[in-house]
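S.K.: Listed below, chain by chain, are the residues.
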Amino acid sequence: AQSVTQPDIHITVSEGASLELRCNYSYGATPYLFWYVQSPGQGLQLLLKYFSGDTLVQGIKGFEAEFKRSQSSFNLRKPSVHWSDAAEYFCAVGLKTSYDKVIFGPGTSLSVIP
Amino acid sequence: DGGITQSPKYLFRKEGQNVTLSCEQNLNHDAMYWYRQDPGQGLRLIYYSQIVNDFQKGDIAEGYSVSREKKESFPLTVTSAQKNPTAFYLCASSISPSTDTQYFGPGTRLTVL
Chain Z
1 AQSVTQPDIH ITVSEGASLE LRCNYSYGAT PYLFWYVQSP GQGLQLLLKY FSGDTLVQGI
61 KGFEAEFKRS QSSFNLRKPS VHWSDAAEYF CAVGLKTSYD KVIFGPGTSL SVIP
Chain H
1 DGGITQSPKY LFRKEGQNVT LSCEQNLNHD AMYWYRQDPG QGLRLIYYSQ IVNDFQKGDI
61 AEGYSVSREK KESFPLTVTS AQKNPTAFYL CASSISPSTD TQYFGPGTRL TVL
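Protein sequence lines correspond, in order, to chains Z and H.
When the letters of the first sequence are read in order and numbered with my numbering, they come out as residues 1 to 114.
When the letters of the second sequence are read in order and numbered with my numbering, they come out as residues 1 to 113.
No lab work stands behind these hints, which were simulated from the structure alone.
Heads up, a few of these hints could be off.
[Said to hold, decoys possible] Below, a list of computed lysine-lysine pairs in the DSS-like style, where the Cα atoms sit at most 27 Å apart:
#, chain 1, residue 1, chain 2, residue 2
1, Z, Lys101, Z, Lys49
2, Z, Lys49, H, Lys14
3, H, Lys71, H, Lys9
4, H, Lys14, Z, Lys101
5, H, Lys71, H, Lys14
6, H, Lys57, Z, Lys49
7, H, Lys9, H, Lys70
8, Z, Lys61, H, Lys71
9, H, Lys83, Z, Lys61
10, H, Lys71, Z, Lys49
11, H, Lys57, H, Lys83
12, Z, Lys49, Z, Lys68
It should be emphasised that the depicted structure is a prediction, and the values quoted were computed from it without experimental measurement.
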């Protein structure tokens with residue numbers, strides 16, 4: 001069955017430090033890939049997406065993600081974290097199955113220490 | 001401004017009562033979705049609609065119902081048959097079904113008393 005895993009439930013980093021959030025998926029073909037961010041009590045906002053082409057994708061707020069087909073991964077990175085980046089981050093996979101569907105990972109909660 | 005609105009932001013209901021959550025979008029999107037979010041479980045799809053007057057069950061449709069009479073509106077009814085309805089509910093829309101970027105509303109937090 002198709003699945004999306006985010007191995008880290010919670011991550012704490014210091015402001016100014018680099019960040020990498022992991023995402024792995026299980027699917028037979030190359031899916032569409034998304035990263036969303038959610039502030040407490042709010043809806044989700046798209047950070048970036050990968051459909052095809054260059055495997056390094058740039059997004060909003062200084063985030064980037066790299067698709068690695070061999071590892072079935074789509075990890076999110078940011079070189080220098082700001083306190084306002086504290087939020088919940090969701091990886092999502094768009095699948096072309098018998099009906100189109102997007103599967104969301106369980107999320108990674110990011111805390112930022114001043 | 002274009003976007004998705006959900007109302008109310010907070011909703012309380014007594015056990016045994018049906019309640020309807022509103023979702024409206026002015027993005028001219030064909031597809032709309034309802035998700036349920038529980039702590040540590042990510043988002044789970046309740047229902048989705050690819051076009052007006054059509055909708056399909058998602059992974060956890062039991063105890064919920066929807067309608068799509070207008071392109072802009074996709075209300076969700078939480079019925080008394082839903083055994084554990086307390087959760088955060090998110091509505092989303094996309095230009096085309098499913099694999100396109102989804103735009104989310106601010107959510108409704110439902111609490112059953």
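S.K.: Quick check: which numbered hints come out false for this structure?
M.R.: 2, 4, 5, 8 and 9
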